[in-house]
Amino acid sequence: MDRQAFDSDAIAASTATPADFATIFDRHFDAVHAYLQRRIGPDLADELAAETFLVAFDKRARYDASRPDARPWLFGIATNLLRRHHRDELRQLRAYARSAADPLLDAFDGVEARVDASSVRRELVDALTGVPAEELDALLLFAWADFSYAEIAEALEVPVGTVRSRLSRARARLQTALEIEPALVQPLRHEGGHR
Amino acid sequence: MNEIELLGELRAGLPAAKPETRAAARAGLMARIGQTQRADAPDAGLPWWRRPRLQLMAAGVAVAALLVALPIGIFGGSGRVQPAIGQVLRDAAVVAAAQEPVAPGPGQFLFTRSRDAYLHSTAYSPYCRTHACDREHPWQATDEWSVLVPSERRTWISFGTRRGRVRTVSGKPRFVSADQRAGWVAAGSPPLPRAGQVEDSTLSGASILDASELPTDPATLRRMIEAREIHGVEGPPGEAETFTLIGDMLRQSYLPAAVRAAIYQLTAELPGVELLGEVDDPLGRPGTGIAYTDRRRGIRHELIFDPETSALLGEQESIVRSGAFGFKAPPGTPIGSAAYLESKVVDSVGAGAPAGAGGVDTSVGCYDRASLDANTTIVHGSDPIATCAKLWREGVVDTRLRRLEREGKIDERPERDSPHLVACAYEGSSIAQVFPAPGPAVCRRLGLVPLPPG
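Top line first, the protein sequences correspond to chains A and B.
If you're matching positions, the first sequence starts at 1 in the numbering used here and goes up one per residue.
If you're matching positions, the second sequence starts at 1 in the numbering used here and goes up one per residue.
Any given hint could turn out to be false.
[Claimed, not checked] Straight-line Cα separation of at most 16 Å, EDC-like style, residue types lysine to aspartate or glutamate; simulated pairs: (1) B:328 / B:179; (2) A:59 / A:7; (3) B:18 / A:26; (4) B:172 / B:210; (5) B:18 / A:46; (6) B:18 / A:30; (7) B:409 / B:398; (8) B:18 / A:47; (9) B:328 / B:308; (10) B:390 / B:417; (11) B:344 / B:179; (12) B:18 / A:43; (13) B:172 / B:152.
[Said to hold, decoys possible] Derived CB-CB ranges, DEER-like: (14) A:43 / B:322: 32 to 42 Å; (15) B:15 / A:84: 42 to 52 Å; (16) A:106 / B:332: 30 to 40 Å; (17) B:322 / A:83: 46 to 56 Å; (18) B:220 / A:162: 48 to 58 Å; (19) A:88 / B:174: 49 to 59 Å; (20) B:320 / A:62: 39 to 49 Å; (21) A:43 / B:409: 52 to 62 Å; (22) A:101 / B:1: 18 to 28 Å.
Just so you know, these hints were derived from the structure itself, not from any lab.
C-beta: ideal position from N, C-alpha, C; glycine also.
With the hints as extra help, turn the sequences into a complete structure.
Okay, structure coming up:
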């Protein structure tokens, strides 16, 4: 079995032999980058994903060794870095809602910005611009990173109860905007698990 | 469909991170890791001619860190100890045990003088932006070249709280091999390190190995070195690095005789170490040579000691096959060497230095973007910002212009204004890194400290 089967082992080892931290990068860079890219576009994602691992490396000595999976920690760092760009994120979402074309796609070579015919999606994007930053972080970690409530709580360093209320407020905002009957909504996942 | 499912479809299926993005980010991380290792490593413990590998700019920094961080020694070594070498090293241990160590008191300095040839490499990161970065051959970057710079170094290491100093006087650089010269010509023949240049940097006393931490039992000492447990004797795992660390320790002439004897004794037991017999050091002085060949990297590291005194006379690194380290050169081509000339206790910094060593100049890296991954032009100058501003105006820093010129698409590089430049450095480093940026905040963002202007 891998000597560093858990992220916590690799991080612990890296306090003595820093090069061991590369394991954490190799395991999680793609996921962190994908999440950041979905939120803010590829260019900033390149920068912030790289910075996430530098920050994580610098903070490795303070990692809670009782948590075998480093993803919540890394996504928490990424989320903190994203905050500086919240306005850019909102600007992109507003432009998307207005023009029905996602400006984020412009940044990809060879990917034409597709005009989105779905008016529901435009309303969804428009509604997202009205979700406060801390609710948006919880919502998108849930919807895009497949995090459980407990993992979101760990990433955002808030109690699980806070995650639950932030998520339910965020979802209520979207439901109102999309005119979805809250009563008809079934929970998609159990709190503890992944899809 | 509910709102979470709708959200799940939003921006779904975006392309994954590009391999070059990943490679650049990884290189950045490895550079940071390398910095940490460098920060932890003692100044005095690193062979002078190995340090420049850690001083490369931009991609160079990353590349250096990668080289250091690679798990080396997997294929290195024969795995058995030759009887002859055991005897030779045990004899050396006996000699070592009988020596009087140089033992500076508090407030005194250990003065050493060495003559070496170190690898000065300039590498550009476009390689990693446009290719999948090959960690085995990071030197394949097109605009990239290495020269060996001969130099004479004098160091004063404080055994108290005073600051020590390193003074380096460089000689005329020469290219490691013909392909390296070709790389330099292709890049527009930028200035090389100047002969006669003097560089001063300070050394903290924190770099001294604590002898009280070191056991004199060879087996215990070996275990601690192999486990990288000794503060100041750190590095990646592997037999090759262990051999390098042995050399690093043998160079510390102030270590107690019993510890030096233990180092020779444990080296006799190390797998893969071969006896070269009587060989000349890089200055032609005869001694006994031992070597370790890291077959994976294609590099052979030789240590030459004086059997009469057990003192380390010199070291040399060479490639064992063409293409190793990215150099198309015959096997045996040296890529670094050092010869230790003198080691004594003095009372002040500067004692033992020749008169009129000249003014202080420093290495300057001019980056074309505010990133450590940016293209870099490395030159020497006393005023980092003025030096880089001139190169910006001449279109030297902007490698895009150089490439266009080389490809015949423009006749000459147009004169242009220099952007606002900020000079930074790694903590404690004498090398300036100059970035186009509005203010000194860029230094901290990159993990550096700002240098005062001028």
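Practice item. Tell me, in ascending order, the numbers of any earlier hints that this structure violates. Key: 4, 9, 11, 15, 16, 21
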